[in-house]
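As a plain string of letters, each chain reads:
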Amino acid sequence: MEPLFALLVGALFTVAIYLFMSKHIIRVLMGAAILSNGVNLLIFTAGRITREVPPIIGADSDVLQASAANPLPQALVLTAIVIAFSFFAFLLVLGYRAFQKLDTDNSDEMRVAEPVNESAPPLGY
Amino acid sequence: MAGKSVGLEDLSVAFVMEPLAAADWLIPGPVVFCLLVGSVLLMLRKRTDLQPLIAIPALVVLCAMTLGLLAHVVVNGTVSMTMGRWLPPFGISFTVDAMGAFFAATSSLVALAAGIYGRGDVDHSGRRYGFYPFLLLIMAGVLGAFMTGDIFNLYVWFEVLLISSFGLLVLGNERAQLDGGVKYAFLNLIATTLFLIATGYLYGLFGTLNMADIAIKATELRGTAPLMTLVTLFLLAFAMKAAAFPVNFWLPASYHTPKLVVSALFAGLLTKVGIYALLRILGMLFPVEREELSFIIAIVAALTMVLGVMGALAQNDIRRAMGFLVISGIGVMMAGLALGSPAGLSGAIFYAAHSMVVMTALYFAIGIAAQLGGSFMLSSAGGLYARSAVLAFLTLMLFLSVSGLPPFSGFWPKVVLVKASLDVGAWWLAAAILVTGLLTTIAVGRIWALAYWRPANAGALEQHAAAQSLPAGAMAALAGLVVLSVGAGLWPEPVLVLAQDAALGLIDPSAYVLSVFPGEVPQ
Chain L
1 MEPLFALLVG
11 ALFTVAIYLF
21 MSKHIIRVLM
31 GAAILSNGVN
41 LLIFTAGRIT
51 REVPPIIGAD
61 SDVLQASAAN
71 PLPQALVLTA
81 IVIAFSFFAF
91 LLVLGYRAFQ
101 KLDTDNSDEM
111 RVAEPVNESA
121 PPLGY
Chain B
126 MAGKSVGLED
136 LSVAFVMEPL
146 AAADWLIPGP
156 VVFCLLVGSV
166 LLMLRKRTDL
176 QPLIAIPALV
186 VLCAMTLGLL
196 AHVVVNGTVS
206 MTMGRWLPPF
216 GISFTVDAMG
226 AFFAATSSLV
236 ALAAGIYGRG
246 DVDHSGRRYG
256 FYPFLLLIMA
266 GVLGAFMTGD
276 IFNLYVWFEV
286 LLISSFGLLV
296 LGNERAQLDG
306 GVKYAFLNLI
316 ATTLFLIATG
326 YLYGLFGTLN
336 MADIAIKATE
346 LRGTAPLMTL
356 VTLFLLAFAM
366 KAAAFPVNFW
376 LPASYHTPKL
386 VVSALFAGLL
396 TKVGIYALLR
406 ILGMLFPVER
416 EELSFIIAIV
426 AALTMVLGVM
436 GALAQNDIRR
446 AMGFLVISGI
456 GVMMAGLALG
466 SPAGLSGAIF
476 YAAHSMVVMT
486 ALYFAIGIAA
496 QLGGSFMLSS
506 AGGLYARSAV
516 LAFLTLMLFL
526 SVSGLPPFSG
536 FWPKVVLVKA
546 SLDVGAWWLA
556 AAILVTGLLT
566 TIAVGRIWAL
576 AYWRPANAGA
586 LEQHAAAQSL
596 PAGAMAALAG
606 LVVLSVGAGL
616 WPEPVLVLAQ
626 DAALGLIDPS
636 AYVLSVFPGE
646 VPQ
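If you read the protein sequences in the order shown, they are chains L and B.
Quick note, the first sequence lines up with residues 1 to 125 if you use the numbering used here.
Quick note, the second sequence lines up with residues 126 to 648 if you use the numbering used here.
None of the hints are false.
Using C-beta positions, here's what the derived DEER-type ranges look like:
hint : chain 1 : residue 1 : chain 2 : residue 2 : range
1    : L       : P55       : B       : L438      : 52 to 62 Å
2    : B       : P351      : L       : M21       : 22 to 32 Å
3    : B       : L438      : L       : I17       : 27 to 37 Å
4    : L       : V15       : B       : S594      : 50 to 60 Å
5    : L       : R27       : B       : V413      : 37 to 47 Å
6    : L       : F20       : B       : L595      : 43 to 53 Å
Calculated from the structure, these hints are not laboratory results.
Because the structure is a prediction, the values reported are computed rather than measured.
C-beta: ideal position from N, C-alpha, C; glycine also.
Starting from the given sequences, assemble the full structure and let the hints guide the process.
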């Protein structure tokens, strides 16, 4: 099972990195969303994949049975999903506001903060 | 639902049973306090007149707490507290050693200065959009990162400070801010995601996220697990957060765009959190792998410091020049990490604290200068010495401090680092530090000569004929930070000892491990 998930995570990372190389903010944003999903799957896989044994301690025992699913990666992934989602929402708004104000979503043309023809500092009084 | 209940006598199997000492509440205290005050300020966001009146005293209390924690750590050694009283490693531990406490205290002082400066710099609209709540929340993130003893929790604090920094960065909603904000936000998000990827792999290899637990298990796993890959990934993620060359380009693209007090806060705190994480993860948890990577780190360090200061030399905008000086300072700290010796690490820790104070103060100084009728552009600024000799004097002291000249705080860590480099024969690293110092002196000397010493041209003076007198609050914040820098320069002994303690705590983490697992035999 793990090799399959590893390949899937690798595929998601590849797609994300490909999208990062785009000049357009919206595609970079999609890349970030895909990357965060790939990371979530990675954490989930790293924490041992098992089938159909929920991590619940039975009434007659004090410890989990050995074959139970690992609850910790689920907690980590849940946290990471919340964070990734809020960042996605913020970046979507930021990208849209930037598009409205700067009239472009091409990062090559976003040169307001770093003007192309900035003058050099004076060499003397 | 009622199953077989566990007898009360069994609780010690899962819980810490000893009652906590009162002073130990200082461990989670600062973070909880920041979050609480931040939420109160958020609820009061329409009362823009009240915001600074609540936030500034709260920041004073925060400074008292972190300084108290520093004293507690200096007296009692590393202290630890696990959330929910779960026995570590099952609960999230907050573990504060000398380095964490030192950085926490320094960053709170910087935040207090920023709170005072922000009173004049952030108008009512900026306050309504949440300057003070974000200031408190970013401090929660920064302090949480300095204090946590759990790697996933470190990631969460990184995100807390990142999302607050986004809010601060776009305060004002100008075109340049949105432009810089887009680049800052995306590249930092990618860096923290890389950190999360590394954390996922680390959990897969170690089965634990508790740093003390990792420090114990790393020795056993070293032969079998691909730790080098893991540590290289951590190095890339944190180097990106710290703005080390060649992953530093988000910093000069964005740090000059927000409100000045926000730039000052970012320059002081954010990159240093990246350095802290490098020192903690590479310096303490994976020293063997750090040693393997030390040559690469040293090259990155030398390139970062030299190219950073060259960037500063090429700028006409003083704020952008300062951004490049932040990068240059990161290179000096990375040099300490590359050396890895007690002297190297203590130099890096001292320099990080120095940089927090001095970079923030430098941004304050150029902000006050711009208000006084100068401008941020070197080509048009001038006549500031004639306007205010006090400001010119304070700025000159900061310029000398950032260049690393005695008797200011930048001098001592550079002496320690140059000596540590020469001790291991890395003469080229020592040379890079010294050349950087020289080039920094030229860069800031030119700024002082042009903006302060040069007489103002007539047009500029007329334009700013109605320029106000010195803003008192901002000057007080600036003067306070200058006093810290000069104080640490004239009387470096306590800081040197503290940095040395912090470095020894990184090199031999047995005190750190013992504070989390009291029964554990140190290795």
